[in-house]
Each structure stands twice: as structure tokens, then as C-alpha cells.
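Listed below are the residues making up each chain.
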Amino acid sequence: MRNLLFVLVAIVATSAPRRAAAYPQYQLDSDKTCTGCHLAPDGGGILNENGTNTAESTAWHPGNGNFMYGMSRPSWLDLGGDLRAAGGYVNPGTSSAAFYPMQAEVSASAHWNGFSLFAIGGLRRPQDQGSALHALWSREHYVMWQSNPDGPEGVYIRVGRLEPTFGLRLAEHVVYTQRYGGYPLYGEVYALAASIVKEAFEVHATGFIHDPIASAEEHGDGGALYAEARVGDHAAVGAEGKYSAADDAHRTYGGLTGKLYLPGPKLQLLAEGQVIRENFVAAGGDTVTQLAGYALASHPFGGGFLLDVGVGHFTEDTRVKGLFRDCLDAQMHWFQTSHIEWLLSARVELLDLGAHPNGGYLLAQIHYRL
Amino acid sequence: MRCFGLLLVTVVACGAQDPRPATVEVISLEILSPSCGAPQCHSTSTNQSGYAFDTLAAAKAALRQLVHTGTTGGHGNRDLMGVINDKKMPPDAPLDPEDVALIQTWITNGAPGL
Chain U
61 MRNLLFVLVA IVATSAPRRA AAYPQYQLDS DKTCTGCHLA PDGGGILNEN
111 GTNTAESTAW HPGNGNFMYG MSRPSWLDLG GDLRAAGGYV NPGTSSAAFY
161 PMQAEVSASA HWNGFSLFAI GGLRRPQDQG SALHALWSRE HYVMWQSNPD
211 GPEGVYIRVG RLEPTFGLRL AEHVVYTQRY GGYPLYGEVY ALAASIVKEA
261 FEVHATGFIH DPIASAEEHG DGGALYAEAR VGDHAAVGAE GKYSAADDAH
311 RTYGGLTGKL YLPGPKLQLL AEGQVIRENF VAAGGDTVTQ LAGYALASHP
361 FGGGFLLDVG VGHFTEDTRV KGLFRDCLDA QMHWFQTSHI EWLLSARVEL
411 LDLGAHPNGG YLLAQIHYRL
Chain E
3 MRCFGLLLVT VVACGAQDPR PATVEVISLE ILSPSCGAPQ CHSTSTNQSG
53 YAFDTLAAAK AALRQLVHTG TTGGHGNRDL MGVINDKKMP PDAPLDPEDV
103 ALIQTWITNG APGL
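Here the protein sequences come in this chain order: U and E.
Heads up, the first sequence is in our numbering, so the first residue is 61 and it goes up one at a time.
Heads up, the second sequence is in our numbering, so the first residue is 3 and it goes up one at a time.
Do not take every clue at face value.
Taking lysine-lysine and the DSS-like style, the derived pairs with C-alpha atoms no more than 30 Å apart in a straight line are [to be verified]:
(1) E:K62 <-> U:K381
(2) E:K89 <-> U:K381
(3) E:K89 <-> E:K62
(4) U:K326 <-> U:K258
Derived CB-CB ranges, DEER-like [said to hold, decoys possible]:
(5) E:Q106 <-> U:G324: 50 to 56 Å
(6) E:Q106 <-> U:A260: 53 to 59 Å
(7) E:L116 <-> U:L422: 35 to 41 Å
(8) U:N208 <-> E:A59: 45 to 51 Å
(9) U:H121 <-> E:L116: 54 to 60 Å
(10) U:N339 <-> E:Q106: 22 to 28 Å
(11) U:A260 <-> E:L116: 53 to 59 Å
(12) E:Q106 <-> U:G211: 54 to 60 Å
It should be emphasised that the hints constitute simulated quantities derived from the structure, not laboratory data.
Beta carbons: idealized from backbone N, C-alpha and C, even for Gly.
Chain U on its own, in the form it takes in the complex:
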């Protein structure tokens, strides 16, 4: 009975939309920029024509990869949508079954010459004792201008609600550098963002204020910068920084990223390390230093499959001995069609290198792209 109650709590607690993010695992073996496959300069969300073709070519059974299998729409309008759910076994110390309705969102981009209006809306868990309207929200909505609407390179200016570009930006939000670092789930803010995207490099700068109405992970105001340079045909290095000042804490993030593609074994290696300084101004200026790192190796195989193996590290407070955790992740993606992705995720989490009871999960996820 207690397990059943926990499952119900877990369902309710997590029934909110999650980010439909990009797969940087594919970046260096095909298109060098996010804009090669996505409308947004930093990836994620609606696919462009090339992205749709890529989704078809990497699927087990390709089919028609267009929105709703080719539903007619005006030429000035792009549409997208994502449904996700996961279920399986979680163990944060005690084993339980769990089911997570993850995402139910639709998105639209209306464009005219270099200008576009983008919005993504969906369902979130309503506030306890709140009205039905609390269940609806728009996680991102912004106006964008781009200098080259017909190609992947150019300058992009965005104004509105969006997530500041930072780090590797992997699809799974539990990655340590995202969960504990500068790119958390629901990190959207109101921002002015400028991006320069070239095949050889890209730079993203964002100034932001927190959302004063809908609670998000980000409570502060500040700025973020991410720059990435391609080295040769199959490597890239990046640097990142972010500062956020909230009423109770000021946070500074700095980090590096690296990407390397090995064409022979078709292996993509991704890594990110961050140093995080948190100044708890509400606690008399107590300052904490944290470390977050993640490394991922990805290998596509069999026409529709992608295997990820990752390791992560997070030190919560460098002043405290043993206050750190590491994880080993394994993920198997099966792109059954250009619209349906199955994902089997497993994590083993070690606290203080196994000196304490550990955690982990095994979850099966389905992702349906409209």
C-alpha cells in the first residue's frame, strides 16, 4: 500500500512538461551547428527541413517525418509537439515502482522574412488548490530576428521567455551539469539573447530577469555566455559563464566543454566541467564552492539505435569531506520511426564512492514527436 501511495505521489509530483531538447550526440558527425537541424539557434524544439530529413534517415522505419506526417499548413508556419512518459523502477534508498508523465507540449513558429514569433505551450501540474488555468502555461515564447533565414549560419536576436544557452544542453535533465549546474530543467527566464552561429564557431550571450509570475528554477537576474569553437572537422571546445543574483543567493557558474567525434568507431565523446560558487547572502554571506562534471560516449548502430554511456560527478560543498556523488549512466535509444523514440535509461549513483547507501533507477521512456 505504501508503495502504491508513493507511485501516486510520484505521478502527481512530476506530471509537468519537460524540455524537448536536442541531441548533441549527433552534432559533429553531421551538421556542425544546432541550426543545421533546429529553428532555434541553440537547438531544441521544432526541427527544420534538414532536421526532419535527419530524423527520417536515423530512424529504424523512417516514414514521413513532417509534423503530423505531412499535415498541410501555410508556408509561414512551422509546428511541432512532443509527448513523453516514463515508467520503471527508482531507488533513492528504498525501491519503488514509478511512472512519470513527462511532457505534453505543442509549439509553433510563425515567420516572415527574418522575423519569427515562437511559442511553446502545454500542461503542467496545477498548483495545489489552484484553478484549472494553473495547469496551462507557456514555457517559452519569444520574438526572434535572424540575419540569414535561409541558412544555418548567421546572427540571431531573441527577446522573450527562453532558457539561457549554457553548456552541452543534453536532452536528459538529470545530467549532473544540468541538474546541479547552470542549465536546469525549467531554467527559463525573460531574456534578451544574441547568438552568432557559424560553422567554425558559435557565441551565445544572454541577459535575463527571472519570471516574476510563474515560478521557475531560476530566481535571480543576471547573464550567461557560452562560446564554442570547432577544432578541425571532428572536435570542438567551449567555455561558459553565468551569473545570477536572487534575493537569498548569488550564484556564479564557470565551465568548459569538449566534443570529439571518432569517425572510425562512430563514437561521439562529450564532456563538461563546471565550478559553481554560491553566495548565500541570506546566510550572512556564507559561500559554497561546488563542482559538477559529466562525460558521455555515444555510439549509433544498427540503423535506428543509439547507445550512451555516461559518468558524472557532483561535489555539493568542497568544505565537507565525503559530500559528493558520482553516477554511471547507460541509455539505449531506439528511434523506431521518425516520430517515435523509445529510451531505456539506467543509473547507478554512488555517494562518497559507495561509502553510504547508494541510489539508482531503471526507466523506460517513450517520446512521441508530433
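Here the structure of chain U is known, so what remains is to put chain E in place on it, guided by the hints.
Okay, now just chain E, sitting in the frame of chain U:
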């Protein structure tokens, strides 16, 4: 990967016994906010089970109920340490024992700051 290993060794070697003060600010901002106060869980907008931990003010309000009245809404009639010791929350990652010990110390000291 070698650098990653070096980082791990450095962290293990440099840490000290817990020097953190057992205050409501440290408990809330360093432990409960990132572990429990995610927007889809115990945040001011979602308010799961009637509790939020994503800001210091919200965490203080929640802790006043959890620590002093011994009720935890959806978790049954148990106090904060009861929920933590059940090891079912947070669902995606266990709390670190050092953090649990600091929370226990703070409660034993009378939960100052609430």
C-alpha cells in the same frame, strides 16, 4: 577521463569534517532547495503537498509546519526526519548522509531561525 579521476581524488583529499553551521539558511538554500524545491515538485508555483522549498521564505514556512507540528501532508503523519529517513524522497537521487546529519543537528538544536 584522467582529469575527471584527478578531480575526484582532489575532492576526496581536500574535504574536511562538516564545517557548515546548522542554520535554517544553510539547510534551506544548500540542501532542501536543490533537492526538493524543483519547479515540478515542492516549489512556490507547484506547492506539492502544500510545501515549497525553492526560496528561503517558502522553506521557512514549510519547515515551521514540518518541524514543529510533525505533519507532512501527502507523506502521512510524520515529521521531516521521518520523510527523510524513509528514503523515498527525493525520488531521483538520495540525500547525502552528511546533509541528513546536518538537518538532524539543526532540529536537535531547536530548529533556530524559524
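To see whether the hints hold, each was checked on the structure:
no.: 1; hint: E:K62 <-> U:K381; in the structure: 27 Å, holds
no.: 2; hint: E:K89 <-> U:K381; in the structure: 22 Å, holds
no.: 3; hint: E:K89 <-> E:K62; in the structure: 22 Å, holds
no.: 4; hint: U:K326 <-> U:K258; in the structure: 24 Å, holds
no.: 5; hint: E:Q106 <-> U:G324: 50 to 56 Å; in the structure: 54 Å, holds
no.: 6; hint: E:Q106 <-> U:A260: 53 to 59 Å; in the structure: 54 Å, holds
no.: 7; hint: E:L116 <-> U:L422: 35 to 41 Å; in the structure: 39 Å, holds
no.: 8; hint: U:N208 <-> E:A59: 45 to 51 Å; in the structure: 46 Å, holds
no.: 9; hint: U:H121 <-> E:L116: 54 to 60 Å; in the structure: 58 Å, holds
no.: 10; hint: U:N339 <-> E:Q106: 22 to 28 Å; in the structure: 26 Å, holds
no.: 11; hint: U:A260 <-> E:L116: 53 to 59 Å; in the structure: 55 Å, holds
no.: 12; hint: E:Q106 <-> U:G211: 54 to 60 Å; in the structure: 59 Å, holds
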